[in-house]
Amino acid sequence: MDTKEENLEEGVFPGCTLEYFQEHKEVLELIKSVEIIIDDKSNYETSLQKFKFIMEQYREQAHLLDSHLEEILEEVIVRVRNVNADMNLKHTLFKYLYMIVSVRGYKVIVKKLPHEVGDLKPVLSMLEEQDSTDLENWQTRYCLLLWLSIIVKIPFDMSRFDTGESGDSSVMQRILTISQTYVLSHDSCNKIAAYLVSQFITRTDVKQVHLQPFLTWCTQYFLSGNSRDDFCKYGPLSALASILKFGKREDILPHSEFLLTTLTEAHINTDSYRLTRRYYVKLIQRLGLTFLKVQIAPWRYKRGNRILSVETNDKAKDRTQDLPTTETITQEEEEDFEVVPQVEEIINELFETLRDKDLTVRWSAAKGLGRVTNRLPKGLADDVIGNVLEYLSPREKDPAWHGACLALAELGKRGLLLPHRLPAAVTAILKALVYDEPKGYCSVGSYIRDAACYVCWAFARAYDHRTLEPFVQDIARGLPLSSLSCLHFGVKDLDKPFRFGWLFSFGLKSVSIHYRLYQTGVLPSRRWPYHTNYS
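Terminal number for the sequence shown in the numbering used here: 1651, no gaps in between.
None of these hints come from the bench; they were simulated from the model.
Straight-line alpha carbon distances no greater than 27 angstroms define the calculated BS3-like cross-link-like pairs of lysine-lysine that follow:
| no. | residue 1 | residue 2 |
| --- | --- | --- |
| 1 | Lys1228 | Lys1211 |
| 2 | Lys1361 | Lys1323 |
| 3 | Lys1269 | Lys1228 |
| 4 | Lys1237 | Lys1148 |
Computed Cβ-Cβ distance ranges for the label pairs, DEER-style:
| no. | residue 1 | residue 2 | range |
| --- | --- | --- | --- |
| 5 | Ser1509 | Phe1374 | 33 to 39 angstroms |
| 6 | Tyr1389 | Ser1509 | 26 to 32 angstroms |
| 7 | Lys1555 | Arg1390 | 19 to 25 angstroms |
Since the model is a prediction, treat every value here as computed from it, not as a measurement. For each residue, glycine too, the CB sits at the ideal point set by N, CA and C.
Whole structure, please, built from the sequences with the hints as guidance.
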């Protein structure tokens, strides 16, 4: 009996996973046949749908495309560069390119796009010719903005590309104008336009002239009292957040106080649009990192196992036992530096957004709180942790519980939650594992139990087993209780500590029991929980 039959007898079934990009030749043929089918509406739509169907199969395993991306992109770009090609043909090619970008992600694709000096003016001119109100071919504008974002990084002064003729705008001004236009657009182009701005405005020859005016241009949309402009705040916010992400600290620091004051006066944290609040949180946390020196907290706890691999041999156990003790690590001298008052204001804003009604905003605030705390002195960081624990109290509503759990996980992952805080943290997390608040004919609490499981996963990953051992039995009782109502999260996180054999001797047996109950339908039927959005 072969291995496949043995697996089927044992109940192990093959998943819907792919091993390689099987249709790469078919994809290339579809691209090459564009010139033929462009005038045949029936074949044209069939080809588009076929290309989309092929790409969608790899959305969960997009890395399989990597080995063929350069060849595919080359076929597209060669045809786009043809000056004699019809614009409808180019629109179709850019639709194909956008499907690839949507599956693999623009951060990967942009690195593989050509960035020759000769492409700058043709791409910029093609982008200027596009109609920003054309809803049918917005993919063309999206891909051209993405392509331009890598071209503008060429190591030559932008003034060299100017014609010098009177009345002609400089290339630098043309790029800035087109970027501002699409930052304010109401489609997906605003996200890529923000990325383009961050790559362009942080250039040495551009930031000296255009950085301050562009920041001022963005902030005027925050202070607008017109409700019609509420959506327009999102684009400038994402552009500013992207500039703070890619810009140098010494370039941003002179403008940080101005930006913080403007954001505070605009009260963007109460905006009704979810993405506006989310990018506000991103911008606030990056301003906090700008105010603080670039350094990692010397007092942080030295992590235990970074990789959750199954290590059961004696060598692995000896390596775990040889890890430095908490006392040795926490005795490191802490550098004495002054924290500006603006940092405290930013931390308060992050704490307020931990209570936000939207999950993605709370998630961003938790990550921001972890990043900022990583640069704080030990005393201030301990105050931050104390305030997070206060959110896990009966007087707080469920969004605050969820935000606090995410924040604890982020602090624990970074080694910022020191062992003397673990008793209080574990006590609060045990309550979160069984959180269930009745509301009318239903109850809320599943996403809080999910976040509490995430905290347990983070603690098992971050702390040495000798540090976590006093709390193991309490956690071992809490996770199975959570898994009974949240199988997707409880069992998944129950398994993580078990991989460190020295924590729970009954771990694998418990997971096996849960899996059998899941198979037989005793527990709720949902996807088997070994995938997470948090890890």
